[in-house]
Every structure is written in structure tokens, then in C-alpha cells.
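So in this note's numbering, the last spot in the sequence shown is 241, and the numbers never skip.
Bear in mind the hints are in silico, worked out from the structure with no lab data behind them. The beta-carbon is built from N, C-alpha and C at its ideal position, and this holds for glycine as well. Misleading hints may appear alongside valid ones.
[To be verified] Below, computed lysine-lysine pairings styled on DSS-like, alpha-carbon distance capped at 30 Å: (1) K193 / K227; (2) K215 / K102; (3) K42 / K102; (4) K227 / K200; (5) K107 / K200; (6) K218 / K128; (7) K189 / K42.
[To be verified] FRET-style restraints, in silico, Cβ to Cβ: (8) D142 / L228: 20 to 26 Å; (9) K128 / P231: 36 to 42 Å; (10) K199 / C223: 19 to 25 Å; (11) V163 / P241: 55 to 61 Å.
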Amino acid sequence: MCRKSAVTYQTSAEKKAAPNPVNSAAKPLKPSAQRMKRNIWSCALKAALNAAKLKGRRRRKKPMWHKQMRKLFKDKNTLLKLKENCTMFIAPFVPTPLPVIEYMLKLADLKAGEVLFDLGAGEGRAVIMAAKNFGARAVGIELREDLAKKALNTIHENGLTDRVTIVNGDMFNVNLSSADVVFLYLTTSANEKIRPKLENELKKGARVVSHDYEIVGWKPLKVENFCENPKLGYPSHTIYLYQKP
């Protein structure tokens, strides 16, 4: 006689409905939880492999100048000297476009015979225009020697040596008491540093005109926007005008 097989066959619907004999008590993980679990194990494996690689790697030797620089910057006097000589980094050199300079000088109402100081004169664009187009006397202060020389050459070419002076030095060391107008294109932080000097040295009624950056703590007399190309609508510049009371 043939024995009946003990194996029972289930339909696909019955298989889905039947509980898993191995993990009948445990609930299956959601797809998002499974992904998170895989990611955690993957990160742990990568970290272990990287740690194993670093363990066998030799530590990189620091260059000889590293110790010398550390000793140098521990000296207080050296740090003070560096601080004094780092004023050239108060603002980067970015030339102001000529139409903007003309607009600024008109807004400041610069008159013939008045004295204009440009703090950070660069190539001398503002001081040259002040003398040439407005009949003013101008003093440009520029710390960078190469830019100061370039400005002097342009002044000489335009025959303005009798009305324009370029000082190759630090703006913080120049007396501003004779200024009628001060021209600025620095930064907001640089304006904040120069503000006490302007407050102490400028005479009553002196005007300060600043390109794009305000002087925090001062109330502007005027704030105007100037667009170089009105048809395109850019580039646009903000001009701040101040007057010492």
C-alpha cells in the first residue's frame, strides 16, 4: 500500500495569512526602519575600516617653520607691531566707477577751493576728478605703494600736481582737520574704526560721503541710490551723505 504524504500544500492566499513560525511573535520592520538599520551598519563598517587604515599610517611631520611661527606669535610685542602694520587690510582695493564718483561729489556739494580727503585713494580717481571737474584741492591717502605711485603718475600726466597731493601712508596717521569733504569707499567695519577719528578731527559742517557702506551710529543727511545703467537696472550703488553738526 502506498503511504499518504504528510506534506500539505497551501495556496498563495493561505501562505500570506499563515504566521511565520520563526518570528511569529516579532512584528516585521517597516521599509524606512530597515533602511535606517542598513545605513547605521554601513556607517559603522566604514568608520571601522577608516580607523584600521589610520592606525597603520604614520603621523605626518609638521614643517620646521611651524615651531618658529608659534614662537613668533607668542611674543606680545610682535603681535602689537603686526596689528599696527595691518591697517592696509582694513578694506580691499576696489576702484569706484567714474560716474559714481561724480554723483558722490555732486551729492556732497563739493565747491571750488574746498578741500577733499580720500581715505584709501587707490589709483587717485576721486582726487583727480575733484580737482579737474570741481576745482577743489584734494588729498589722497593710500597705504599701498604701487597704487600711490600709479596715482602720482596720473596726477602728473593731468597737470594737477599743484592741486592734488598723494600721501603714501596710513589714514589713521593723517590729520583731517582741514577737510571740507571726506570721500570713503571702505567697508562697514572699516567705517566703524575710522569713525572716532572723524568725530575728533573734522570741523563743524564737514561732509562725509560714503559709497555702499554706512557709518554705524551716525544719522545720514541723505541716502540715495545711483544706477550706472538705468535701462538695464544695474549696477546699483547706495550713497550715504553725512555732515558733522
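- Message: With the threshold set at 30 Å, check whether the alpha-carbon distance from K42 to K102 stays at or below it.
- Response: 66 Å, violated
- Message: Is 55 to 61 Å respected by the C-beta to C-beta distance linking V163 and P241?
- Response: 28 Å, violated
- Message: Hinted pair, alpha-carbon criterion (30 Å max): K215, K102. Please report holds or violated.
- Response: 20 Å, holds
- Query: Within 36 to 42 Å or not, the Cβ separation of K128 and P231?
  - Reply: 24 Å, violated
- Item | Restraint status (C-alpha distance of K218 to K128 at most 30 Å) | 25 Å, holds
- Are the Cα atoms of K107 and K200 separated by 30 Å or less? 17 Å, holds
- Does the structure keep K189 and K42 at a Cα separation of 30 Å or less? Between K189 and K42 the Cα gap is close to 50 Å, so the pair fails against 30 Å, i.e. violated.
- Query: Has the hinted range 19 to 25 Å been met by the Cβ atoms of K199 and C223?
  - Reply: Violated: the Cβ-Cβ distance is about 33 Å, outside 19 to 25 Å.
- Query: Taking 30 Å as the top limit, are the C-alpha atoms of K227 and K200 close enough?
  - Reply: 40 Å, violated
- Query: So does D142 sit 20 to 26 Å from L228, Cβ to Cβ?
  - Reply: Since D142 and L228 have Cβ atoms about 33 Å apart, the given range 20 to 26 Å is violated.
- Query: Keeping to a limit of 30 Å between CA atoms, is the pair of K193 and K227 held or broken?
  - Reply: With a Cα-Cα distance of about 40 Å, the restraint between K193 and K227 is violated, given a limit of 30 Å.
Going down the numbered hints, you'll see the structure goes against 1, 3, 4, 7, 8, 9, 10, 11, while the others check out.
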